[in-house]
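The sequence shown begins at 0 in numbering that gives the first Met the number 0 and counts up one residue at a time.
No lab work stands behind these hints: they were computed from the structure. Small disclaimer: the values here were computed from a predicted structure and weren't measured. Please note that the accuracy of each hint is not assured.
What the hints assert, rightly or not - Computed list of lysine-lysine pairs in BS3-like fashion (alpha-carbon distance at most 30 Å, straight line):
#: 1; residue 1: K501; residue 2: K411
#: 2; residue 1: K489; residue 2: K504
#: 3; residue 1: K452; residue 2: K441
#: 4; residue 1: K452; residue 2: K294
#: 5; residue 1: K294; residue 2: K272
#: 6; residue 1: K450; residue 2: K351
#: 7; residue 1: K450; residue 2: K339
#: 8; residue 1: K440; residue 2: K339
#: 9; residue 1: K433; residue 2: K412
#: 10; residue 1: K405; residue 2: K440
#: 11; residue 1: K379; residue 2: K339
#: 12; residue 1: K339; residue 2: K405
#: 13; residue 1: K501; residue 2: K537
#: 14; residue 1: K553; residue 2: K501
#: 15; residue 1: K186; residue 2: K102
#: 16; residue 1: K339; residue 2: K294
#: 17; residue 1: K657; residue 2: K633
#: 18; residue 1: K213; residue 2: K186
#: 19; residue 1: K450; residue 2: K440
#: 20; residue 1: K206; residue 2: K21
#: 21; residue 1: K195; residue 2: K272
#: 22; residue 1: K430; residue 2: K379
#: 23; residue 1: K504; residue 2: K440
#: 24; residue 1: K213; residue 2: K192
#: 25; residue 1: K206; residue 2: K125
#: 26; residue 1: K504; residue 2: K339
#: 27; residue 1: K644; residue 2: K657
#: 28; residue 1: K441; residue 2: K295
#: 29; residue 1: K206; residue 2: K170
#: 30; residue 1: K410; residue 2: K339
#: 31; residue 1: K295; residue 2: K379
#: 32; residue 1: K405; residue 2: K504
Unchecked claim - Derived CB-CB ranges, DEER-like:
#: 33; residue 1: K644; residue 2: S482; range: 52 to 60 Å
#: 34; residue 1: Q372; residue 2: N546; range: 21 to 29 Å
#: 35; residue 1: I558; residue 2: N532; range: 18 to 26 Å
Backbone N, C-alpha and C fix where the C-beta goes; we use that ideal spot for every residue, glycine too.
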Amino acid sequence: MGSLSVSSKKMVSVSDETALRKKILGTHAYDGGIFDTEAILSTVEGILDLVTPGFDVVIPNVTTIFHGVDATLNGSVGHVEKRIARLGGLESVPDTLPYLLHKISCVLTCKCSGGDSHASAMEILKLLSTYTWEAKIVIVLASYVVDYAQFSLITKLYTTNPLARLIAVLKQIPENLDDISLVIKSKFETIIKLVKVSIEVTRLITKFSNLPSKYISNDAEPMVVALTQIPIAVYWITRVIVACAAQITEILGISEVISSYTETWDLPSLEQKISSIQITFQIQIGLCYKYIEEKKQAEYVHRIREMFEQTTVHVDNQIILQIIISVQDGALPLISGIDKTTTVGVEVLKGKTVLLFISDLNISHDEIFILTQIYQASRKLAELQYEIVWLPMVEYVEVEEELELKFEGLKKKMPWYTLRHPGLLEPAVVKYVKEEWHYSKKTILVALDPKGKVSSPNAYHMLWTWGNAAYPFTQTREREIWSSQEWSLKLLVNDIDQTISKWIKEDKVICLYGGESYEWIQEFVTTTKEVANAVGIKVEMVYVGKNTTKERIKKLTEILGGRSLIWENPAFTWYFWTRIQSMMYSKIHHGAKVATTKESGDYILVEVLNMLTLGGSDSGWGMISQGGGVGPEKIARAKGDMIVKALAEYKTWSVEVKQKGFVGALNAYLAGRHTKEHCNRLILPGIDDIPEMVVCTECHRPMEKYIMYRCCNE
0 MGSLSVSSKK
10 MVSVSDETAL
20 RKKILGTHAY
30 DGGIFDTEAI
40 LSTVEGILDL
50 VTPGFDVVIP
60 NVTTIFHGVD
70 ATLNGSVGHV
80 EKRIARLGGL
90 ESVPDTLPYL
100 LHKISCVLTC
110 KCSGGDSHAS
120 AMEILKLLST
130 YTWEAKIVIV
140 LASYVVDYAQ
150 FSLITKLYTT
160 NPLARLIAVL
170 KQIPENLDDI
180 SLVIKSKFET
190 IIKLVKVSIE
200 VTRLITKFSN
210 LPSKYISNDA
220 EPMVVALTQI
230 PIAVYWITRV
240 IVACAAQITE
250 ILGISEVISS
260 YTETWDLPSL
270 EQKISSIQIT
280 FQIQIGLCYK
290 YIEEKKQAEY
300 VHRIREMFEQ
310 TTVHVDNQII
320 LQIIISVQDG
330 ALPLISGIDK
340 TTTVGVEVLK
350 GKTVLLFISD
360 LNISHDEIFI
370 LTQIYQASRK
380 LAELQYEIVW
390 LPMVEYVEVE
400 EELELKFEGL
410 KKKMPWYTLR
420 HPGLLEPAVV
430 KYVKEEWHYS
440 KKTILVALDP
450 KGKVSSPNAY
460 HMLWTWGNAA
470 YPFTQTRERE
480 IWSSQEWSLK
490 LLVNDIDQTI
500 SKWIKEDKVI
510 CLYGGESYEW
520 IQEFVTTTKE
530 VANAVGIKVE
540 MVYVGKNTTK
550 ERIKKLTEIL
560 GGRSLIWENP
570 AFTWYFWTRI
580 QSMMYSKIHH
590 GAKVATTKES
600 GDYILVEVLN
610 MLTLGGSDSG
620 WGMISQGGGV
630 GPEKIARAKG
640 DMIVKALAEY
650 KTWSVEVKQK
660 GFVGALNAYL
670 AGRHTKEHCN
680 RLILPGIDDI
690 PEMVVCTECH
700 RPMEKYIMYR
710 CCNE
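Work the whole structure out from these sequences, hints included.
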């Protein structure tokens with residue numbers, strides 16, 4: 000067994016892979032012949048599976064390894080017959096294959112025991128010089144497995160078959176292998192494991208040649224790395240087979256058996272080497288698959304882009320929708336929002352304006368609630384021919400079961416069409432949505448007209464601002480609506496609450512207010528009511544503070560005791576502020592600018608930004624309007640301390656009430672009371688369409704711009 004120690008030393012001497020690669024490549028002279036490596040490799044695997052059934056479990060003794068073939072063979076006759084039939088009909092298996100198997104077997108059995116494993120491996124590679132690298136190693140494996148299988152048949156049959164018995168005697172195969180099983184068991188397992196891993200590495204090597212050249216060429220970086228490593232890998236697999244054959248030769252008693260078991264083996268070092276190669280190829284094939292997928296997705300994205308840009312294909316929306324909402328598993332891709340179980344195809348959207356509702360799974364329930372109100376209202380109007388389709392953008396980073404539960408929970412709340420499963424959304428579609436429609440976590444609504452053209456890349460702010468009045472959700476329609484608007488309380492609250500709409504029609508004095516402090520809220524409401532009584536008017540008050548929760552609503556209800564309207568559903572408050580933000584983005588999108596000392600700006604945008612600034616104040620704020628509040632003299636607003644102080648000083652400006660009205664007089668008084676000491680802030684979500692400049696509501700100077708990150712779980 001000392002020869003194996005020599006072999007181990009030899010392995011070190013050839014560790015310079017640059018020189019080794021040069022020698023290995025020198026044995027290669029491929030002649031262009033075709034060889035069905037898949038068929039041969041599949042047969043090799045079949046033989047090994049039949050000879051070594053249950054390899055993964057503990058092997059009790061050597062006899063069991065060989066004699067256990069019955070159970071597998073008896074249950075796999077049909078499978079074996081199919082393999083034989085396939086091989087028999089293959090024209091690409093050369094007639095010289097039996098000769099090659101014999102020649103390699105001679106090298107394995109005659110030269111590797113006591114010989115130089117490196118020299119033996121190189122000799123085998125020279126014998127196979129005209130074959131591809133994949134074919135070389137498959138033939139080597141086939142030769143080894145055939146010899147191994149022949150021995151297993153003899154050991155299986157020699158107790159019952161006279162012919163097998165005679166052959167066993169001539170080959171001096173021990174009559175009772177169980178006697179030595181405890182000694183060689185771990186070595187045998189190592190041999191089988193090495194052969195199995197070698198086959199797995201061979202499988203990986205064959206995958207590289209089968210990759211689609213349309214998407215990956217040999218010049219692609221992951222392929223270059225793999226192709227460089229393949230000759231080295233073939234060499235080392237051959238070395239493994241040479242070493243395994245040497246061990247089997249000694250185990251079978253062809254040379255000394257029992258006395259040499261404690262000698263040094265080079266199998267552990269080979270096992271480490273081949274495992275390293277396996278990991279390398281697993282990584283590279285993964286990189287190749289990734290490269291191919293990226294190419295495919297890029298092609299898909301290009302196709303989507305072309306379809307949207309072409310005008311001749313837009314007969315209806317079906318082609319576009321079939322590309323975006325593809326059928327991958329043969330089942331219909333959409334779920335009806337009516338019964339939550341019926342599956343439908345994109346044909347139900349034909350002839351309709353389609354709003355692609357694109358979001359992740361963190362969409363708020365308030366958002367779904369408000370959109371549901373708008374959508375259900377549209378179902379009552381025949382002229383509103385639009386549908387909503389939810390396309391969930393999901394990155395599988397959480398536990399998949401949790402994602403499934405979250406997705407199903409959201410889907411049940413939606414009365415419109417939803418994608419049956421997030422996984423049905425092609426990665427290319429996700430890429431297109433991010434690149435072309437600028438989706439990034441924040442919900443967007445992409446409007447497609449009945450022909451499938453994009454009428455608005457994001458109708459989200461349009462829908463929140465105008466609801467169904469924005470139909471058919473085109474930018475032209477949005478401009479039309481803005482052209483007829485002016486700043487007013489009616490514009491601010493729209494139809495969020497029918498009670499407020501009724502007060503506006505009755506031209507009542509209406510006060511909207513907000514703030515975090517319960518003490519300030521109570522003081523403000525009390526002061527406002529007292530002044531209203533002194534003037535002889537009735538002020539209707541509505542709390543619209545930003546951070547409204549059910550617990551906060553309950554607390555405010557107790558404190559105010561019916562003196563103010565408080566929205567019981569927090570979704571109304573969410574919608575109020577979201578709508579104001581949407582008005583800002585809509586205005587900016589259409590080119591509106593903030594007024595400066597040098598040029599006039601858009602008055603509505605200025606007031607919208609003022610409202611957002613007030614809403615960001617924790618100390619409280621108030622806005623008082625006469626009816627709908629149309630016109631600059633009809634709305635008075637200020638931050639908490641200032642408006643409370645102005646109301647408390649009512650007597651100093653009461654003489655103006657008869658001439659200007661309550662709101663006008665209050666507004667005039669506030670205009671002259673702004674102080675130099677103030678601190679206003681404006682918090683906006685981190686998206687692209689933020690205004691370049693915002694002026695202070697107190698001094699009208701440009702505010703400094705900072706970036707604020709905020710996380711709120713309320």
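To see whether the hints hold, each was checked on the structure:
{"no.": "1", "hint": "K501 x K411", "result": "violated, 34 Å"}
{"no.": "2", "hint": "K489 x K504", "result": "holds, 10 Å"}
{"no.": "3", "hint": "K452 x K441", "result": "holds, 22 Å"}
{"no.": "4", "hint": "K452 x K294", "result": "holds, 26 Å"}
{"no.": "5", "hint": "K294 x K272", "result": "violated, 33 Å"}
{"no.": "6", "hint": "K450 x K351", "result": "holds, 8 Å"}
{"no.": "7", "hint": "K450 x K339", "result": "holds, 27 Å"}
{"no.": "8", "hint": "K440 x K339", "result": "holds, 25 Å"}
{"no.": "9", "hint": "K433 x K412", "result": "holds, 25 Å"}
{"no.": "10", "hint": "K405 x K440", "result": "holds, 16 Å"}
{"no.": "11", "hint": "K379 x K339", "result": "holds, 20 Å"}
{"no.": "12", "hint": "K339 x K405", "result": "holds, 15 Å"}
{"no.": "13", "hint": "K501 x K537", "result": "holds, 15 Å"}
{"no.": "14", "hint": "K553 x K501", "result": "holds, 25 Å"}
{"no.": "15", "hint": "K186 x K102", "result": "holds, 26 Å"}
{"no.": "16", "hint": "K339 x K294", "result": "violated, 36 Å"}
{"no.": "17", "hint": "K657 x K633", "result": "holds, 14 Å"}
{"no.": "18", "hint": "K213 x K186", "result": "violated, 45 Å"}
{"no.": "19", "hint": "K450 x K440", "result": "holds, 28 Å"}
{"no.": "20", "hint": "K206 x K21", "result": "holds, 24 Å"}
{"no.": "21", "hint": "K195 x K272", "result": "holds, 14 Å"}
{"no.": "22", "hint": "K430 x K379", "result": "violated, 36 Å"}
{"no.": "23", "hint": "K504 x K440", "result": "violated, 40 Å"}
{"no.": "24", "hint": "K213 x K192", "result": "violated, 36 Å"}
{"no.": "25", "hint": "K206 x K125", "result": "holds, 24 Å"}
{"no.": "26", "hint": "K504 x K339", "result": "violated, 41 Å"}
{"no.": "27", "hint": "K644 x K657", "result": "holds, 21 Å"}
{"no.": "28", "hint": "K441 x K295", "result": "holds, 27 Å"}
{"no.": "29", "hint": "K206 x K170", "result": "violated, 40 Å"}
{"no.": "30", "hint": "K410 x K339", "result": "holds, 8 Å"}
{"no.": "31", "hint": "K295 x K379", "result": "violated, 44 Å"}
{"no.": "32", "hint": "K405 x K504", "result": "violated, 43 Å"}
{"no.": "33", "hint": "K644 x S482: 52 to 60 Å", "result": "violated, 39 Å"}
{"no.": "34", "hint": "Q372 x N546: 21 to 29 Å", "result": "holds, 22 Å"}
{"no.": "35", "hint": "I558 x N532: 18 to 26 Å", "result": "holds, 20 Å"}
Violated hints, in rising order: 1, 5, 16, 18, 22, 23, 24, 26, 29, 31, 32, 33; the structure is consistent with all others.
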